[in-house]
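Trainee: Below, each chain spelled out in residue letters.
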Amino acid sequence: MLAVDVAKQLGALSLSVRFQAAHGATALFGPSGAGKTSVVNMIAGLLTPDRGVVTLDDTVLFDAGKNIDVPPHRRRIGYVFQEGRLFPHLSVRQNLDYGRRMSGHPREAGEFERIAALLDIGHLLDRRPGKLSGGERQRVAVGRALLMRPRLLLLDEPLASLDAGLKREILPYLVRLRDDAKIPIVYVSHMPAEVRRIATTVVRLDSGRVVASGGLELLEELELDSLN
Amino acid sequence: MLDLSPAEWTAVALSLRIALVATACALPFGIAIGWLLARKQFWGKTLLNGLVFLPLVLPPVVTGYLLLIWFGRRGPIGAFLYDYFGVVFSFRWTGAALSCGVMGFPLMVRPISLALEAVDRRLEDAAATLGANSVLVFFTVTLPLALPGIIAGVLLCFARALGEFGATITFVSNIPGETQTISAAIYTLTQVPGGDAAAGGLVLVAIALSLIALIAAEWVARRATIRFHGD
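Residue numbers (our numbering), protein chains in the order written: chain R, 1 to 228; chain V, 1001 to 1231.
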């Protein structure tokens, strides 16, 4: 269970967000500029909130009042960035293995193969990221985040840079991931169609505030609004 | 083809050794200072920047003179190094390496600093989320991505060190077999009647070595770029 209650002034945007994410996939949904990526960066520890608390299960990751700020490398939160951010100087295999090597835990038998099979990237292992298609790159990025054995997975618009065909190609992998991985997922998106496929809970963000949270029915309401 | 005397070959070998040692010793400092200049804001940054690039604009004789005063046996730094570590710079090849390293340093720092500045910070963030602490991020992401710039800096420093003359001759004089590099040997030969022919041989060696260093720099940088960007 992830609990977020953070505030930060970002230029003109005054961000103040509070929500919880249990297992399954929680979509942070809202128009661009709503502060979705900033929230995710604060969960990962890449951006420091002005005030607030972030806890994951029974660990406090950030607490401004108590001066607690666990650095990103000790949070064990898998992060799939919008642009993938694969390391260009490493092969796909080395990219996938990076998290395990950095945290120094031993290789678990079959884990690598299982995730490579889940994402269908086994045939790409010896290539460099520069030679992958956009869809392949994002699948490798998901695999890399999973292989560090995260306690939480953050996906920040992982499909935004892909065309419609590639989106359709990757969505099933993400759905399978949600059902297979037993960790909570926070999924950032501004596309209702994507959110409907993946999310089990929706948190709607607008101008730095949570304007609604609940089940997928939030999306329908939104569509009704736009029809009226 | 090249008809060099044993003494001249000694000068060539000595030049290579001095340039190699100078470059190798300058490299850790070059990376550290390049990183400071590229990534950190601190009080006195402009001053540090100025100091690093000073040898590039000062007359080499002045740099050599300052080295002589500070690193000579009685100089404040030289005396300290001799008393505590037994290291002597004055009139030794080690002193030549020091002056060559100092003269080549700005040429090394510049490309390293630019390369470190150009490394995509977002990749460093990604590495951090994957469990790498800042030291690991530096050695597994930042440094490899800055490698083309580091190699360019190394080769430029090496080339400069190979040709250094003014600061070296001022600091450690021109002693055959100890501090007489190619440049110093050519200078000596041109001072003797009839030395032109022998100087010619050394001149060819100097041209060849410099060309090799430049071509190698170009080639290595291109290879590294290709390797990182995939095609």
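I should point out that these hints are in silico values taken from the structure, not numbers from a laboratory.
Don't take each hint at face value.
Listed next, the stretches of chain R that the computed footprint assigns to chain V, with coverage defined by at least 3 CB atoms under 8 angstroms from CB atoms of chain V [to be verified]:
{"id": "1", "region": "63–77"}
{"id": "2", "region": "175–184"}
{"id": "3", "region": "198–205"}
The calculated lysine to any residue pairs, modelled on SDA-like cross-linking and capped at a C-alpha distance of 20 angstroms, are [said to hold, decoys possible]:
{"id": "4", "chain 1": "R", "residue 1": "Lys182", "chain 2": "R", "residue 2": "Lys167"}
{"id": "5", "chain 1": "V", "residue 1": "Lys1040", "chain 2": "R", "residue 2": "Leu46"}
{"id": "6", "chain 1": "R", "residue 1": "Lys131", "chain 2": "V", "residue 2": "Leu1123"}
{"id": "7", "chain 1": "V", "residue 1": "Lys1040", "chain 2": "R", "residue 2": "Met191"}
{"id": "8", "chain 1": "R", "residue 1": "Lys131", "chain 2": "V", "residue 2": "Arg1222"}
{"id": "9", "chain 1": "R", "residue 1": "Lys131", "chain 2": "V", "residue 2": "Lys1040"}
{"id": "10", "chain 1": "R", "residue 1": "Lys131", "chain 2": "V", "residue 2": "Ala1224"}
{"id": "11", "chain 1": "R", "residue 1": "Lys131", "chain 2": "V", "residue 2": "Pro1144"}
{"id": "12", "chain 1": "R", "residue 1": "Lys131", "chain 2": "V", "residue 2": "Phe1053"}
{"id": "13", "chain 1": "R", "residue 1": "Lys131", "chain 2": "V", "residue 2": "Asp1120"}
{"id": "14", "chain 1": "R", "residue 1": "Lys167", "chain 2": "R", "residue 2": "Asp206"}
{"id": "15", "chain 1": "R", "residue 1": "Lys167", "chain 2": "R", "residue 2": "Ala193"}
{"id": "16", "chain 1": "R", "residue 1": "Lys131", "chain 2": "R", "residue 2": "Glu169"}
{"id": "17", "chain 1": "R", "residue 1": "Lys182", "chain 2": "R", "residue 2": "His23"}
{"id": "18", "chain 1": "V", "residue 1": "Lys1040", "chain 2": "V", "residue 2": "Phe1053"}
Since the structure is predicted, the reported quantities are computational estimates derived from the model, not experimental observations.
C-beta: ideal position from N, C-alpha, C; glycine also.
Trainee: Taking the hints in turn, state whether each one holds.
Mentor: Outcome of the hint check:
| no. | hint | result |
| --- | --- | --- |
| 1 | 63–77 | holds (count 7) |
| 2 | 175–184 | violated (count 0) |
| 3 | 198–205 | violated (count 0) |
| 4 | R:Lys182 x R:Lys167 | violated (23 angstroms) |
| 5 | V:Lys1040 x R:Leu46 | holds (18 angstroms) |
| 6 | R:Lys131 x V:Leu1123 | holds (18 angstroms) |
| 7 | V:Lys1040 x R:Met191 | violated (39 angstroms) |
| 8 | R:Lys131 x V:Arg1222 | holds (18 angstroms) |
| 9 | R:Lys131 x V:Lys1040 | violated (34 angstroms) |
| 10 | R:Lys131 x V:Ala1224 | holds (16 angstroms) |
| 11 | R:Lys131 x V:Pro1144 | holds (19 angstroms) |
| 12 | R:Lys131 x V:Phe1053 | violated (40 angstroms) |
| 13 | R:Lys131 x V:Asp1120 | holds (19 angstroms) |
| 14 | R:Lys167 x R:Asp206 | violated (25 angstroms) |
| 15 | R:Lys167 x R:Ala193 | holds (11 angstroms) |
| 16 | R:Lys131 x R:Glu169 | holds (19 angstroms) |
| 17 | R:Lys182 x R:His23 | holds (7 angstroms) |
| 18 | V:Lys1040 x V:Phe1053 | holds (18 angstroms) |
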